[in-house]
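Visitor: Residues per chain, in single letters:
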Amino acid sequence: MFIGVAVIAAVGMLVSAKDTYLKLLNSVALVLLTLSGGWTIRQTFTQGSYQYGQGILYWDALSALLLSVIVIIAVYVILFSLAYMEKEVHEKKLPRTRLKWYYFWIWIFIATMLLVVSTPNLGVMWVGIEGTTLATTLLVGFYRNKKAVEAAWKYLILCTVGISFALLGTMLLFAAAAPHLGQSLIALDWRMLPKVANQLDLNLVRLGVLFTLVGYGAKVGFVPMHAWLPDAHSQAPSPVSALLSAVLLNCALYAILRWYSLTRLTALGPDFMGKILMSFGFLSLALMVGFILMQKDVKRLLAYSSVEHMGILAIGFGLGTKEAVWGASLHLLLHGLTKANLFVIIGSLVQKTGTRQMPRMRGIFKVWPYTGIIMVLGLLGITGTPPFGTFRSELSILAGLYKMDHPLLGFLALLCLTLIFAGFLYHFLQMLFGKPRESYQAGESVSTLVLAAPILVVLVLGLFIPQSLNQALNQVVKVILGGV
Amino acid sequence: MDELLMILTRLLMGIGHLALILIAAPLLQGFIKKSKAFWQMRQGPSILQPYRDLSKLLKKEELISEHASWLFLLTPRIALAATLMAGLVIPNAWGWAPLSGWGDLFLFGASLGLVRLFLTLSGLEGAGTFGGMGSSRELFLGLLTEPGLLLGLIVLAFITATTSLQGIITGLQSVSPIFIPRLLAIVTLGMVSIAEMGRIPMDNPDTHLELTMIHEGMLLEYSGLSLALLSFSEQIKQLLLILLLAQIVWPSGLISSSVGFLGMFGALCFAGVKVAVLGFFYATVESLFVKRRLFRVPHFLATSTATAVLALVSLWIIRGQI
Amino acid sequence: MLNKESQFVRQLFMSLSFVLAGAGLVWGFVTIQGGNWINTGLRFFTSAGAGLSFSWKLDGLTVFFLFILLLGQGFSSLYSIGYLKEYEEKKKSLWPFYANWFLFLGSMFGVLLADDGFSFLFTWEMMSLFSFFLVLYENEDRQNRNSAYIYLVMTHVGTVFLTAATLFLYTKTGSFAFEVWAGAAPTLTAIQLNLLFIAFFIGLGTKAGFVPFHIWLPYAHSAAPSPVSSLMSGVMVNVALYLFLRLVWLTLGPGPIWWGWLFLLVGALSAIVGILSASVQSDLKKLLAYSTIENVGILGMALGSALLARSWNNVWAMDLALVAFFWHTLQHMLFKSSLFMGAGNIIQATHTRNLDRLGGLLKRMPKTGLGALIGILGITALPPLGGFWGELILFQSLWMNTLNLTNGWGKVILPLAIGVLALVGGLAMATFVKWFGISFLGQARSQMAERAKEVHPVQYITPFLVSSLAVLSVLWPAATLGLINLPLSVLRTGESLGIESVIGKPLIMSSIYLIILCLLTVVVVILSKRGVRRVTATWNCGGPLTSSMQYTATGLTKPIRILFSKVLGSQRNVERDFAGTRYSLRSLRYEGRIKEVYEDIFYRPSIRGLLWLASQIRKLQEGSIHLYLGYLLITVIVVLIVGR
Amino acid sequence: MSGISENWLNLVLLVLLASGLSIVYSSRVEKALNWWTVQTVAVSLLILAQGIYQNELEVIFVGILLLIGKAGVIPILLRRVLKESKTEWVGEIYLKRASSLVVAGGLTIIAYDVTKPLMALPQSGFRNGLAVAIALIFFGLLLMMIRKVAIVQVLGILLIDNGIFLAGFFLTQGMPLLVEMGSMFDILVGIVIIVILSKQMLENYDSLNVDHMRSLKG
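Chains as they are written, first to last, in my numbering: chain H, 1 to 484; chain C, 485 to 806; chain V, 807 to 1450; chain S, 1451 to 1668.
These are computed hints drawn from the structure, not numbers from a lab. A couple of the hints might just be wrong.
List time: in silico EDC-like cross-link candidates among lysine to aspartate or glutamate, alpha-carbon distance up to 20 Å [what the hints assert, rightly or not]:
#, chain 1, residue 1, chain 2, residue 2
1, V, LYS1425, H, ASP297
2, H, LYS366, V, ASP947
3, H, LYS366, H, GLU438
4, V, LYS1364, V, ASP1089
5, H, LYS366, V, ASP1089
6, H, LYS100, H, GLU86
Pairwise CB distance ranges, derived in the manner of DEER restraints [unchecked claim]:
#, chain 1, residue 1, chain 2, residue 2, range
7, V, ILE1413, H, SER16, 31 to 37 Å
8, C, PHE779, V, GLY828, 52 to 58 Å
9, V, ALA1385, C, VAL769, 42 to 48 Å
Every residue gets a Cβ at the ideal spot worked out from N, C-alpha and C, and that includes glycine.
Chain H with its partners taken away, still in its complex shape (with noise of 0.2 Å):
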């Protein structure tokens, strides 16, 4: 159902291009969506699983806790960008008649990840994924600059080579399935397949899952398949970097989790994929350090931390022990809040600073001192830094990591965690100290602080976990490692 009010918002917005007309369609279509999808999640984690229309759409935890997030997230990234982008038409950077455009194609972006969710079926997934690429790229090129024009076509190459690996990967799962289940869509649907789990084809699947990792994998955005990344989410409009980060990456890795849930009951156990995750998760992080150290470019700085944060996540999952994967998926939901904060808060102050680059801004906190608070608390929230969730999932993740007996990794993992902690601490004090420039125009309303809502969850989270989220968490956790 959301599905359809995310389309016909989408088409809806061709209509007209008005300030007003935006802002209102976008706003019912908003609320309609909170309604639609709150009701959704709620079913879901009160029975367990929620389905339909005879479960053509069906959704478990796991799809629930994606849900919540591009939900949130959706919401508080299009109320953002309805002022985001008025400031931008207002700054010349945009005609007025491209804003009914940029809206169409963030809807249909949204449409075709929920899409992604709500599927039971691999095959259909794998469609809803490709749209999520096609969507975004206008999107990324929005500017129509040289930059983004770049940016935008070495994502769209990247991500839909990826991409039609995972496609081969999918065929060759249905190979594998078919003879069990059947020529049809049974064959790819995740409800059916941990059935026959253990009867399939092990060459064909193994074949299937390391394409399909690939090709998932490149657009998570693990290293080494993460180069379009930083491009794509530096040049595309801030409210779409955030949406990219925060939730398209979760994503793709929420197909890369239906993979991994289901070849853990196949013949290849339970730790094939998991270890080949736990590798890309590794080299994500160790290599970000690097990036992240030398960075002078805020919003690539936050893309990098995104590669990074992805890595974590897939350590996380790929250890398949519950309490590391109680806290991945904790993560997932924190991450993606954090980053969408810090996306949001990072792209006013480059619109009102007019730059990116690093070294150019100074000074934040005496000219804007609630953006430089907010700065703050995303700052210690996405370093994982007491009192925010981050550390707690973090750190279990981390104690996830010992258990295995990986003492060393887990101490390597703490290492590149801190170095980042350092590189990201340096940059944002720079920014935020320091003699400001005389071209900004100083003050702001208390209203910014509005913004601070997802970080100020994320605390909230630090300091407790109400007893509802555990469940839903554990409900999630049963799902990846308990098949269905």
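Following the hints, put chains C, V and S in place on chain H, whose structure we already have.
Guide: Same frame as chain H, now just chains C, V and S:
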């Protein structure tokens, strides 16, 4: 009741102890001067000269630097008091120390340290160059002497298995005088106390040549009564060190009043002789050597410390514990 | 002119924090009477929440450090009532200060009360974080920002080790609770145990400021506002030491002997390096920070002696060492905070931290001066004040350790430690004579020093309070021992002889000594009343006396710098400019520099290497899409081949 | 494959492989495009034939769609872009044509090696086909790697796409229709978007040389 009596007698004995020290200090100073004169083939001043000097100073008007603060006047008083405190832990002619207790050998050095602190501070009071110079050098010497002094005493403490000076003296009676660790420790203490007393080759007590003086440099601004107090406390310190050393070389352990008046007097004379001999010895040393440059001093003191360590090692080796 | 409201807020908050501290102390004294939980421990708020949960516990050890913390909080809050006034006059918002102040204190309480690894890590990180913000409070100065940065990064690196150890124990025992760890410790292999110890040592040592992990400390402690400095130096450092007791002594249990030796040696090293660097500083607050390192070193030696005695099960020496440890902890807290307050007063009065621009302040700010004088008497470990008696007991424990050791080179090394302490004492005297003498005595070396005025009464009353407490602790040792007995009863292992018998009697001497000294002084003063006095110029060979003729801070400790030039890595270059002949000098420029040896040997190279590596890594992202596709292809092939 | 005989199958496979190689080898964009069209026709014919033999409407339908959609529409679109941008040569980078052929050969071997474990599977020619498919995919990637012109990179993608279809054909005798349609639709949209992008590229850089675009670094 007799508890109170005990305390009272203790108190009286303590006061007597202090009185003895107060009386003897200038005498020793005079004696040393005399013996130096002997080596220099002079007749020299009378032994009682220090008393006369002090009384003269007491009568004189006192000049105070315009930059000085209340600390300047406080220093001499504290110095005297602290030196006397050091005196309280030194066993006297009868091998008895009023404040003898657990670990008082540390107290001795520390009390002298207290004196040094205030002296060096008031050296800076005058805002002149020489005071600062004196303080700087005194601090330098001080930090080099402390380890030697402490280690030397510690070795003795290990030999006699107690950390109170009185106990050490008593214990040393039963240790052969040529016991090697003991000899080495004595050497250490001898060298260190030269530095503590501010005598050649460390420092020249008689000089007022600005660039060479250390101790005198700090006293430069003092005159009259305060100067009297300071030099008096300096003489006391000297007496204490020599007495301590004497007691270590020829210990005279606790002499109870039961031996009778004669015995007590004998002990006193014995102590006097010991001190005199050591005093003469130091006078001799002072006459034979010349003052060293400041940056030679570390070598000298390092030697003393090294000797202390050597004493320690030899002690354990002899006892077969290493 | 002063904004009334903000003034009210200031007084409100700071007196609130003061009152809270007072209330805490009172509550403590009341509850301690109901004794038995002191050893067993009192649990509360132990929420069995979702996932990782918090749990807190209160026992004798904690109580002692809580006492320290509350004292520190009380005094520094009282002090800041006056101190913060300056910021108001500068129209600098104090809200961040208040917020972080309370959060910092709160997190320190958390660390002390934490009863499991998770709560410990959580609060520990928060403690570093909020102290970091406090250090960052005067962020206008770039120097301060860098100090704060170094501080936080260093602590974080330390925390890496702590986290690693915690997680390791967690995985071994399946629980975060300290008790469980303590129970499981004997089952660990020697290697695991030693690795854990090393991890804890590095992690906590970084916070405590052991050499060579100390480099952040002088920067951070001197960059912070003075009340905060006094809190960090007086209390936070002790929190780290508390954790040594909690995690190493109580949890890992009696380990191999070399742990004790390590503490002893590193302690000695820290003491010497700290005080040496302090002696050649001419920055009012940095000097104090370095002396903090020295005192931490001494505490470390005490711990080491205790550990050694424990593994030689020499109960007597162990108790002595522990008593010395706690005694010195208390004294150091008192004196260091009062000294930092004195420094704060000077800075506010003269707006400079450079000793060479001060002088003659004792006449202009007599009350601050008196407080500082008592402070340096205590910190230089001279009788009659507390600093000395702590060291005396430490001497005793080292001595006893040596005496009871049957054989081995330990019998030589331990006495050498005594020698080291003596040397440190001498250096400390030089350092603080310089600190006090140069700033308070002589004549002013600059305009600012001449125009200095006495500060807000609260700011000199507080040091008086601190000093009087210190005097009290010496005058009434029984009370102090009673306090020390609390943690001791927790730490003691095996049979124990009552603290009274161990040290009660001898320590009476402290009060006797104090009393007699005062009596004698009074007597002397009374006797030497008479006599005529006249104020004149200082004798200067007849020439006029200018302020530049005094010894400078640099000059006063020059001999030390020359003697220890190897250790300090001190460098000098002198530029002479002769007028014609070599004998008449036109101008002379002297420049001396002390370089942080450890920074040059270890820290700078490693950072340089790291950055080099980073720049190499960045080359992966060269911007050519062909390259990226190449990565993709290679990845596919590698994965296919590996996965086969 | 029930219907088509072993030899025919292998012949077609040979054609596909050869055309793939010659796309890699060809020096003009025009030629490469033609080769690709040939290949696509071959693939769709294969699918058609199989559909006809097994007379499954679904499969036939897919085949026709393929013939029209890919072999028809896409080349036209691309040709237009080519005309606008007046690009003629495939800009070689990193590898000249000859050496790229060698690499392609190596990739083919790898593809065969990777698919070795599938020999056991029932269907005859199955492994052979799958190997060729994967080889084609590698070729596409290789082509994108070593050629500058944007259109050639698009060709690379299309080559990969062909490979995947081939794989799909062998693996699944036609995936579920929904998925087939979806993927095909995606490809079409993708191409459209690529065309839009390359227009923008022309506006900004007035050439289709991808190698100009390396300003986003680090």
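Visitor: Decide, hint by hint, whether the structure agrees.
Guide: Hints, one by one, checked against the model:
1. LYS1425/V x ASP297/H: holds (16 Å)
2. LYS366/H x ASP947/V: Between LYS366/H and ASP947/V the Cα gap is close to 14 Å, so the pair holds against 20 Å.
3. LYS366/H x GLU438/H: holds (12 Å)
4. LYS1364/V x ASP1089/V: holds (15 Å)
5. LYS366/H x ASP1089/V: violated (29 Å)
6. LYS100/H x GLU86/H: Holds. LYS100/H to GLU86/H sits at ~12 Å (cutoff 20 Å).
7. ILE1413/V x SER16/H: 31 to 37 Å: violated (57 Å)
8. PHE779/C x GLY828/V: 52 to 58 Å: Hint holds: Cβ distance 54 Å, inside 52 to 58 Å.
9. ALA1385/V x VAL769/C: 42 to 48 Å: holds (46 Å)
This entry does not satisfy hints 5 and 7, going by the numbered hints stated previously.
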